[in-house]
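Participant: Listed below are the residues making up each chain.
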Amino acid sequence: MNVQPFLDISLAALVIGVALFTIIAKDEFSAVVAYVAYGIFLAIVWVRLYAPDVALTEAAVGGGVTGVLLVMAGKRLDVSATMVVAKKPSVAFSAFVAACSILLAGSLAAVILSLPDAAPSLAPQAAAAAQGPGAGLGNPITAVLMSYRSFDTMLEKVVLILAVVGVWSVGADEAWGAAPAPFGPATPSDALLFLAKTLPPIGGLIGVHIFWTGADEPGGAFQGGALLAAMWMVAMMARLADPPPINSRWLRLALISGPAVFLAIGVAGAMLAGHFFAYPSALAKPLILFIETFMLLSIAVALPMLVAGPAARKGVR
Amino acid sequence: MPNFLLAAAGLITIAVALGLARILRGPDDIDRMMATQLLGTGAIGTMLLVANATGVPGIDDLALGIALLAALATVAFLNVVELEPDEMGHESRD
Amino acid sequence: MTPLIVATLVAASLVGIGVYGFILHPHPLRKLLAFNLIGGGVFLVFGIVARRGSAAGLPFDPVPQAMVITGIVVAFAASAIAIAIIVRLYKLEGGVDLDPALPRKSDGESTES
Amino acid sequence: MSLAIDAFTIICVAAGVFFYVAGTIGLIRFPDSLSRLHALTKADNLGLGLVALGLLPRASNFPDAFKIIMIWVLVLLSGASAAQMIGRALRRGRR
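Residue numbers (numbering that gives the first Met the number 0), protein chains in the order written: chain R, 0 to 316; chain G, 0 to 93; chain E, 0 to 112; chain B, 0 to 94.
One side of the interface only, derived from the structure: several residues of chain B facing chain R at Cβ under 8 Å:
1. L73
2. L76
3. S77
4. S80
5. Q83
6. M84
7. R87
Hints are computed from structural coordinates only; laboratory data are not their basis. Remember, it's a predicted structure, so these values are computed and weren't measured experimentally. We put the CB at the ideal spot given by N, CA and C, even for glycine.
From just these sequences and the hints, can you work out the full model?
Facilitator: Dropping the structure here:
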């Protein structure tokens, strides 16, 4: 007897149920908690779609770091709660929107199900990239990210920096250059201190491990960077480290190091290997790992700064 | 054997998902966080079993990653809860 | 093939649920959550396409999967900006309502822009 | 030999599932937050621990087995700290 179809259907029901609850929950914080649960379920769905790399990213970024961001914001907005609440939309309008949404979902499902059986695929090209210019990478996804679509990946790092700049620029003018608000109370509990002193060393090792195996197995700079970011946030929650001032030089250098190194090597590739973002084939794998190391640093610094929010005035949280 | 492990994984997922009823019922936010904590642990157990039963590469690393992040959201929540009301502060408009 | 049909239904439902919540919820935090649900559904469509496009000896097409990985990180960055704006709005206005018709704290004396 | 290993796995994993289910029932049924916390930690420690123990003999090499143990240790570490913090928050009436 095969239990898999039954498990798939229950998992689907769970994901849809949690997503629905995110929408219909009465208070904001329940919705946030349901969203964190949804992230965990979604990671399991990605495993079922044979995408362990994506599952790891979803669990680390979608579940872990986003969870921290939403829980902290949600709880703060919620405590201060509940400001003016807008009038509820009328029943007729709600029904109309519901009908439109069902129509949209139905047509989307129909479109996906009617895709041609022999799906068009870029897998052969990507596999060729993994053999050719992305030489020596056993993980086809890393080969795609770093070689076949390297320009995209570089720009994606730029987007991350732009997002950090965007978050910073939301802050008050007088606070510019100061540090973002600390992550926790001035006197953290002993249990948290213990956790923050034991977990980050282990977590740092695991982050580097996942980054390193990413060349040949599921993992990579995104996932490893997200884990390192999470460990830095644990340390900041226990006030072992506070968010650095946003005008500190090392912070800004660390933020741009990923795309800067990527771009520099891409330009060098235009001169040495014939075209933009080409790697000399003998050096491809070491070069890719070199770039990825700086990407790891960029991501590990950018994600906590995004969670920390804009600079705050002294003594103001 | 793989079927037994998969069935166990499914049972665990469904069991901890039932715990999500706590999100619905509360009564306090801290109870809601406990439900996600249980869900995270359940997901790790599920991943371990699935990794062993199906042999898709990398799921053990995935379980390792989730184990590392298991308590992150809960700890973040408790940290905000423990803030003194004046630390919570709302920027005064001056 | 069955897992793909189930995944299709999940992806489509997520998009539908997300659109519904995005339009109807007055609270911007809830709009953000709903928007992320839509994003999750779209990423799943990529995943389904990746799984269908298995070729060249790979069990999946790595190109859409790689795009989803960058997409998840970008979605997080966008959420972070949205949260920063919502928190700032709350600090300035004492509320996060998007309805311009409602009375607000700062009416008539906007010292900070 | 392999039969004994299979039997060991089945017993341990089944016991692990039992503790997960027990933890869930406790989380749903117990009347107050502190006793629900007590139920939660059973699932954290024993449920996952027994599942990990049951899978240990099936690991093909040492690194895999080490990973399984690491996962359990990490969950113990963060779960215990979080439980301690939850208890403290409850005692201080912060919820």
